[in-house]
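Peer 1: Chains as they are written, first to last, in this note's numbering: chain A, 149 to 496; chain B, 799 to 1049; chain C, 47 to 319.
Just so you know, these hints were derived from the structure itself, not from any lab.
Beta carbons: idealized from backbone N, C-alpha and C, even for Gly.
Careful, some of the hints might be misleading.
Stated by the list, open to error - A few chain C residues that face chain B, going by a derived Cβ cut-off under 7 Å, partial list only: (1) T187; (2) R211; (3) R260; (4) I261; (5) M263; (6) R268; (7) A269; (8) K275; (9) I298; (10) F302; (11) V305.
Unchecked claim - Here are a few chain A residues that face chain C, going by a calculated C-beta distance under 8 Å: (12) R186; (13) G212; (14) G251; (15) L319.
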Amino acid sequence: MHMADALLSAPVGGVMWAATAATTIYCSTKIRQSLDDRKVPLMGVLAAFVFAAQMINFTIPGTGSSGHLGGGLLLAILLGPYAAFLAIASVLVVQALFFADGGLLALGCNIFHMGFIPCFLAYPLIYKKIVGNRPTGGRLLTGSLLAAVIGLQLGAFGVVLETTLSGISELPFSTFLIMMQPIHLAIGIVEGLVTAGIVSFLWKARPEILNLAATDQPLGTLHLKPVLIILVLATIFTGGFLSWYASEHPDGLEWSMFKVTGGKGLAGPNNGVHHTLEGLQEKTALMPEYGFRKSGTADRQEKAASGQLGTSVAGLVGSLLVLFLGLLLGLLLKKRGSTGPGQPHPQA
Amino acid sequence: MSHHIVEVRELKFHYPDLTQALGGISFRISHGESVAVVGANGAGKSTLLQHLNGYLTPSEGQVRIGDYQLTRNTVREVRRTVGMVFQDPDDQLFMSTVGDDVAFGPLNLGLTSEEVTARVDKALATVGVSHLKERPPHRLSAGQKRRVAIASVLSMSPDILVMDEPSAGLDPRARTQLIELLKSFKHTKIIATHDLDMVLDLCERTIVMHDGLVRADGSTMEIFENEELLAASCLEKPLRMQGCPVCRGKG
Amino acid sequence: MSTKIDRAYYDIGRLDTLAAGDTPLHRLDPRAKLLTTMVFIFCVVSCGRYEITRLLPFFLYPAVLIGLGNLPLGYLLKKLLLVSPFVLFIGIFNPWLDRATMLQLGPLALSGGWISFFSLLLRFTLTIGAALLLIATTGFTAICMTLEKLGAPKIFTVQLLLLYRYLFILIEEAIRMMRAHALRSFSPRGRISFRVFPQMLGNLLLRTLDRAQRIHMAMLSRAFNGEIKIVRKFRFGSREVLFLGGFGGLFIVLRFTDVIELLGRLVLGTVTK
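Okay, chain A solo, but in the shape it has when bound (with noise of 0.2 Å):
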């Protein structure tokens, strides 16, 4: 699903556009240091391959509906992960200019999770380390499933976080968790398993090509990565604990739904789900001046329910936030040293 400017506020949206550029700088920098001047018609190619490929729809045995691929994780495959970051952004600029899908602010963040993410999280992370160099067989389909679920479930988180955090709807955190992660659980299996045939053929067919992508080392250094790992899984299990929790416990949901519904009186927009999210901000301290909630003082006592829930949530949040930062601020610096140790130079 991509992010809507209508969903947006300035700060959160110039934050993903910040990241989104200094990633991108990053990545044409790799790029023109790897000295492969086949990368360039080839990047160009691929990304009207993928958006023209976006457009062909197939039917999902046993739903009804269609689907499409999406196209992040084969791309990152076919060209590693800088070249593929640029052609996905690529692709979404257009899309955005011309289907009008989001809008040009929030371009930021659906560059970020449809970019980011799959080339240097799940691809990485997770399909590389699965797949290695030889994608047949189950290898082949565990690493895709996993990485294209993963990389799914994490933008879908994204979106959620940067909805919750921008304030122009209404809906709480873990409300719109709920509804974003099944659906993308769905379209993270189907776009796994296209990915895998794809692939797969590919391999039988043309093995040579997989190999072109094989040589690009997406961190230089090694510390980061278990890291990464990490937080990736921690993510899940937070994500994962949250639906549960919530789905476990509908009172806790419910019940600060039915408050709202069931208009007990109390006036002004400060009762019902705000303050769940007002506890939220309290406990995060996340930027507190900027005034997110433009509602009143909160009723503590509606807190004791959702408090749990808004303090591990604020937890994630703020370690997420900070060590992405972190990241970017780190390959930043690294690319303006580039000289340092541990930088593998990629011969193509």
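Once you've looked at the hints, dock chains B and C against the given chain A.
Peer 2: Chains B and C in isolation, oriented as in the chain A frame:
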């Protein structure tokens, strides 16, 4: 003038999987000549052409373009001299406007932007598409694309023009216009084609290829009247030499 | 029966044609238009969630652009409608969740939820409209050149141009492939099965990779040495300064002053006197 001579000596080429594509080709083409390379599909025409601008490197043998023996070091110089036009113009027009495509070559040669503009305008005028300078390639007709592709090569001022199936896919009028255009060029021309009637119009010399070897190399008319040779090379006479289809009389 | 891909092909072509129009607005330097659009979006998005009157004057910009640029309003509105479902779906929770009355207009009590929902709709229309108007008056190629001039990495902007160039060709190939499939399949609407799809795409992909290699060969034949150079002259003159300065300034003023409320007070003030 030696810089216009194309000389190929015992050129052999095989693919990475060791299939032999060219089994030992030799010929010499002098300045200003117009030579056709004909043969059935798979005879090796395109492979031969790709050696002429250094895209492929011979497995054995030599290619000499003008003063330069074709090696990895001389490839850049060779590409200034040899302008290659490919089968599918969509592969060749990869920029967003006609003007950008025609400017691509000169810009790579390091010319100033005034010189580039001058060359672009001249090339567009030569092929008659000046009015299409700002047009994106996907809005061109097949004939226009073909002409722009030629212009994109002309702007580099090559001495030798190498073309792969230039008349393929063109409607009759576009084809006639193309032939007229090519006739007006003074460059050395090497044209690989199935269009034997065009060969009659444009090329006084023809090289016949079959199974990666040269079967004949001589005057176009003589070759096209040699029915045995044509049959052995899986070719036929040009349509206008095949006699009247109505009365079935001999040519 | 038109499928998604046929519609997309038509859509891009239509916007492409609109962008090639010849009005003073179209002739303006693309940098002015891009920067003004960004200021516009930023100002709209930064308004608070309950703002309605503050957002309304912003509609001046799209109105002016549509007028000056001679653009088809119906077509643009239709496109807007097509992408509205997701936003509407999320937005409609607002009135449901936020029911406390915020505004009393005589007998009508509007809850905060409804106000924020309307505000959301306004933001949607304004932001998406701005993006569409940008592409319809500037054209994709010009936008890419502008990005480069504004500092985006060259490799990325070249990549955008190549994508745009080969978009049409790839879509055409995909359409041909789907038609061939539809003619041989016996399902009622030529639906592509889950089993066949990866193979179709695999084939298309192989052909695409071959094409990429041929393009590379063509580039090398014209002395390509790794970097695609483009020469473009842009002129940022007085008209552009006026456009960017005028509209940009207006948006900032609108962001910080609730003009409609001001007008209302003024009128009420003079009336009650």
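Peer 1: Holds or violated: I261(C) as interface residue toward chain B, Cβ cutoff 7 Å?
Peer 2: Interface hint status for I261(C): holds (5 Å vs cutoff 7 Å).
Peer 1: Would the hint on R260(C) be counted as holding, given a Cβ-Cβ threshold of 7 Å to chain B?
Peer 2: 4 Å, holds
Peer 1: At a threshold of 8 Å, is the proposed contact between L319(A) and chain C supported by beta-carbon distances?
Peer 2: 5 Å, holds
Peer 1: Min Cβ distance, V305(C) to chain B: is it shorter than 7 Å?
Peer 2: Violated, because the Cβ-Cβ distance from V305(C) to chain B comes to roughly 41 Å (cut-off 7 Å).
Peer 1: Is the hint on G212(A) kept, meaning its closest Cβ partner in chain C is under 8 Å away?
Peer 2: This interface hint is violated because 10 Å lies over the 8 Å limit.
Peer 1: Hold the hint about K275(C) up to the distance rule: shortest CB distance to chain B must be less than 7 Å.
Peer 2: 4 Å, holds
Peer 1: Taking 7 Å as the limit, does the beta-carbon of I298(C) come near enough to a beta-carbon in chain B?
Peer 2: At about 34 Å, which exceeds the 7 Å cut-off, the nearest Cβ of chain B leaves the hint on I298(C) violated.
Peer 1: Under the criterion of a CB-CB separation shorter than 8 Å, is R186(A) in contact with chain C as hinted?
Peer 2: 6 Å, holds
Peer 1: Quick check on M263(C) please, does its C-beta sit within 7 Å of some C-beta on chain B?
Peer 2: 5 Å, holds
Peer 1: Does the closest beta carbon of chain B sit nearer than 7 Å to the beta carbon of A269(C)?
Peer 2: 4 Å, holds
Peer 1: Hey, does the F302(C) contact hint survive, CB to chain B under 7 Å?
Peer 2: Because about 40 Å separates F302(C) from the closest Cβ in chain B, which is outside the 7 Å limit, the hint is violated.
Peer 1: Does R211(C) hold up as a contact with chain B if the rule is Cβ-Cβ below 7 Å?
Peer 2: 6 Å, holds
Of the numbered hints listed earlier, those contradicted by the structure are 9, 10, 11, 13.
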